[in-house]
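**Student:** Generate the whole structure from the sequences, applying the supplied hints.
Chains as they are written, first to last, in our numbering: chain B, 1 to 100; chain H, 1 to 380; chain F, 1 to 440; chain U, 1 to 168.
It cannot be assumed that every hint is accurate.
Okay, the calculated bits of chain U under chain F, using three or more residues with CB under 8 Å as the criterion [as the list claims (entries may be wrong)]:
id : stretch
1  : 26 to 36
2  : 56 to 66
3  : 70 to 76
Just so you know, these hints were derived from the structure itself, not from any lab. Ideal Cβ placement from N, Cα and C applies to all residues, glycine included.
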Amino acid sequence: MVPVDHYLWLSLALFTIGVIGVLTRRNVIIILMSIELILNAVNINLVAFSHMFGGVDGQVFAIFIITDAAAEAAVGLGIILAFFRNRETLLADEMDMLKW
Amino acid sequence: MSDPRGTELSNVSATVLGADEIILNMGPQHPSTHGVLRVKLKLDGERVVDSECIIGYLHRGVEKIAEHRSYQQFAPYVDRMDYVAAVSNGLGYCEAVEKLLGTEAPIRARVVRTILTELQRIASHLLWLGTHALDIGALTPVFYCFREREEILKIFEKYCGARLTTHAFRIGGLQYETYDGFEQDVKRFCDDFAHRIDEYETLLTENRIWVGRTKGVGILSAADAIALGVTGPVLRASGVKWDLRKAMPYAAYDQYKFEIPTRETGDTYDRYVVRMEEMRQSRLICLQAIENIPTGPIMARIGKVLKPPPGEVYHSIEAPKGELGYYIVSDGTTQPYRVRVRPPSFINLQAFDKMARGSLVADVVAIIGTIDIVLGEVDR
Amino acid sequence: MSHLLSPSIMRLVLPVIYAVVIVAVLPLLAGYIVLVERKVMADMQARLGPMRVGPHGLLQPIADAVKLLLKEDIIPDKADRLLFWLAPLVSVTMALLAYAALPIGPAFQIADLNIGLLFILAVSSLGIYGIVLGGWASNSHYSLLGALRSAAQLVSYETAAGLGLISALLLAGSLSMKDIVIAQYDQGIWFIFYVPIGFFIYMVGSIAETNRAPFDLPEAESELVAGYMTEYSGFRWSLYFLAEYANMIIVAGIATTLFLGGWLRPFASSHTALPGTSIELLDALPSLLVLGVALYCFYLAPRQPVKIQKLVMAMAGGLCLIIAGVLVGALFASPAVLQGIHGAFWFLAKVFAYIYFFLWFRFTFPRYRFDQLMRLGWRFLIPLALVNLIATATALLATREWGGSLFFYTVLADVVTLAVAMFLAKNDEVDSVVPVADGE
Amino acid sequence: MGLNSILFYFFAALAVGSAILMVTRRNVVHGAVYLITTLLATAGVFLLLQAEFLFITQVILYVGGIMVLFVFVIMLVNLDVSLLQYQFNRQRFVGGVLALALAAQLFIVIKMGKTSLFPQARVPEVLPKNTEAVADALFGRFMLPFEIASILLLVAMIGAVVMAKRRV
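**Tutor:** If you want it as structure tokens, here you go:
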């Protein structure tokens, strides 16, 4: 039986890596993927607690988060495509114009 | 990389690399360019924005060779141009030289020539149909087409001993009498072919996928077709009723009744329908001709050494792929001074860019197929 | 000896045995499906097909396998070596993993998962990575275009196929593959008769998912050479090939389980015993069929031209005879053994029947164009599948609320769905005649 | 240590290792592959937690759907340039330190709350059939959020189509 806090450590590790990715990388796709990683870390927490209390509420929330992630990925990738078409770059720090 | 952010680099490359335009090179060893045609496509996603046909991989200098051969010696060479319709090539050349000599083949020879040429037209169209369908992904018609084409090739073989590059005709007529049972063979083939062609049509004509793949694809308007000098089924599918067999009859075509099928839109489907109908009409011509082959000599009296008077001549026939013309200049010697061939495939290929622009990559294959090119003829 | 066969040990050992059997037999089976495909193709195209290696080409798959394994393994320059190596492995692993939940007989199943169907769908949807990464890693335009096409195609048709499956799931009320078959036994009818349109949608979707003609765009040989496989050769290529055929068997297996009654024989719920015995009439059918094949082999054997071919043909006959013997033997064994062996027979028979349809389509239809394929998927199949789903659910609800026969209501539902299908098809026709306009 | 624990630590190590590789890779395709590995490892953790339905959702939706979209987009945009560019931005040190500080905070919270905040709850021996339980919750108590999520998806779909359209 794995203690609950071990799930939290795993989640924390993934969360931190995700945050580091978002804050330090330049490539927008990698940033978007890091956000997915953060969402995923949250899911681990939810499911671990859900298992701890023997219910499924946490899992339902995790499903909502996955839905969210899907929506976010779709719109985010759409934006990246549009961005790439217009600026022909994938670097976040070159997104410095408010309109084009 | 002095700048740690590398912005300079990215700015430079941005001008070099298009956002999503890529160059796709098809051929010269691509399975569906029917030989060694190379097509350079500029694609925007999957859509063609520009195309360029690069030819010449099969150039053998046929026209130049003619200048160093006597008129008879050059005759077999023309078979190697449109090698899937060798008989038609031979007919055009022989008639052109006959015209230059101011003579004409006897009527019996002309009728036999007509029969063989029409059989060759069917064979050529069958090969086109099979490969065209194969390009669009229908795997089965090609075998059916080859089955019938085989029958035609057998008739050729029995007649002159060769199947593909036949050299069936001679300047001034025919070298060989028809063999015993020639009429029966042709008749049997024609009777059989009537329902064979229906068989192909059940596989394709009404098939939703086939219609979807060919309708509205590679449209060529009548004006464009005329401007580009396109001839043959491609022209007729655009709605221009132009067929040299009717317009300037040669061989014995003036004796037979047949229709010139035309369509309006000029898309790939129309070209398909036109060629299918042409096969039917060719079959009818064969049947009419076989009924009554006149008796008489098969060779005009032209002598063994051909020395046409100085002068020039242009003679063209309706080959399976379009107008096949020979322009021959004679300087009075035994060898032509200059021979220039107007091959239908070469001219028709010009229309490719017109048809391909704005279509998808998958359509390019259909469009190459629908023009019905033979690279031996394009490159000569 | 007795402790070795105790149920708890067997529960651990049997799945391993099944897994080994499947992994060992599958390549051979795939090879023979290729042979069948070539033979069927030849028959439809008025020719003979492979005839040289073994009588009627019976040993052709083995020759092909040897050829493939001995071929030079080429990795293109500038290819991404790691992914180039990984991609075919992903493809084949995912294809094999799906077999874990496929019930070939009432007992012949590696794991009866609670979420069996979803598991199979999930793993087979992972197979796409093999294609996409392989296409990208090859560093070639042809491969990349093929891979992108296939990615788009798989994602769109998975949706349609999945929605088609759900109509059958509603009737079964379970996601466990085993329970779905048992539900069909209990209701006394294969689900294809309740939801024929769902079956049709799944069939089209599954053909597209396995990249078979007329949806074989990712590997359209006349357009993109061989699609994502262009740069692969030898062993890696054969892994892709294996994955493709393994996937074909998987989709056929899913269809068999959900719509065609899985391992059940026809009329499984009606029992008519042969007079004087406890053997049922229809249970004798498999043995007679295989016996027929065996006799045909023996009839052909002396007519083979070469001595060795006579021998191989006779061996093939002998093999059939042994199978027939096993099938007959099962008739007199316990019901569990009977169900197991005959179940596997019927399951495989249905799978092959389904695959035969795949081949039939392949040799009849031309290939779709990419945009047409997308239009068919998104604007015809998915709406139709949704309507079908709602109609089937309504039929179920009506049966529950008002009583009456489910069959009657499902027929009504099918009629409604068909009407919608006509409407959709008509709409589609209007669109498809319009020539391709420029994207401006 | 039972089989369960071994598997958990294996999946955890796999997830963390691939995650680290994901954020450090130069090549985005490799990054995507490592993210897929992380997601699959997480799915494995879900399975160990007896959340079968979520495991499948994770695999079908996340790995089979969202990540395919990612890979698709990565292949649509040209990669050759980005390989040569510098991969980390100017605020990388500040960002890294901030992230680590956040991690440290969370670390302390978990460490402190380990005994008080999370009582070692009793896991019922026999869990209800997972898929049915999730379905009951989703279509019962969580009906409204479920509908809202579906509207969110619709909005996202329209948004994605508008964004990705060639010329608006």
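**Student:** Now look at each hint and say whether the structure bears it out.
**Tutor:** To see whether the hints hold, each was checked on the structure:
1. Figure legend: the stretch 26 to 36 of chain U, annotated as covered by chain F; annotation consistent (5 residues with Cβ-Cβ distances under 8 Å, at least 3 required).
2. Evaluation of the coverage hint for the stretch 56 to 66 of chain U: fulfilled, as 6 residues show C-beta separations to chain F shorter than 8 Å, against a requirement of three.
3. Under the rule that three or more residues need a Cβ within less than 8 Å of chain F, the assignment of the stretch 70 to 76 of chain U holds, with 4 such residues.
Of the numbered hints given earlier, the model fails none.
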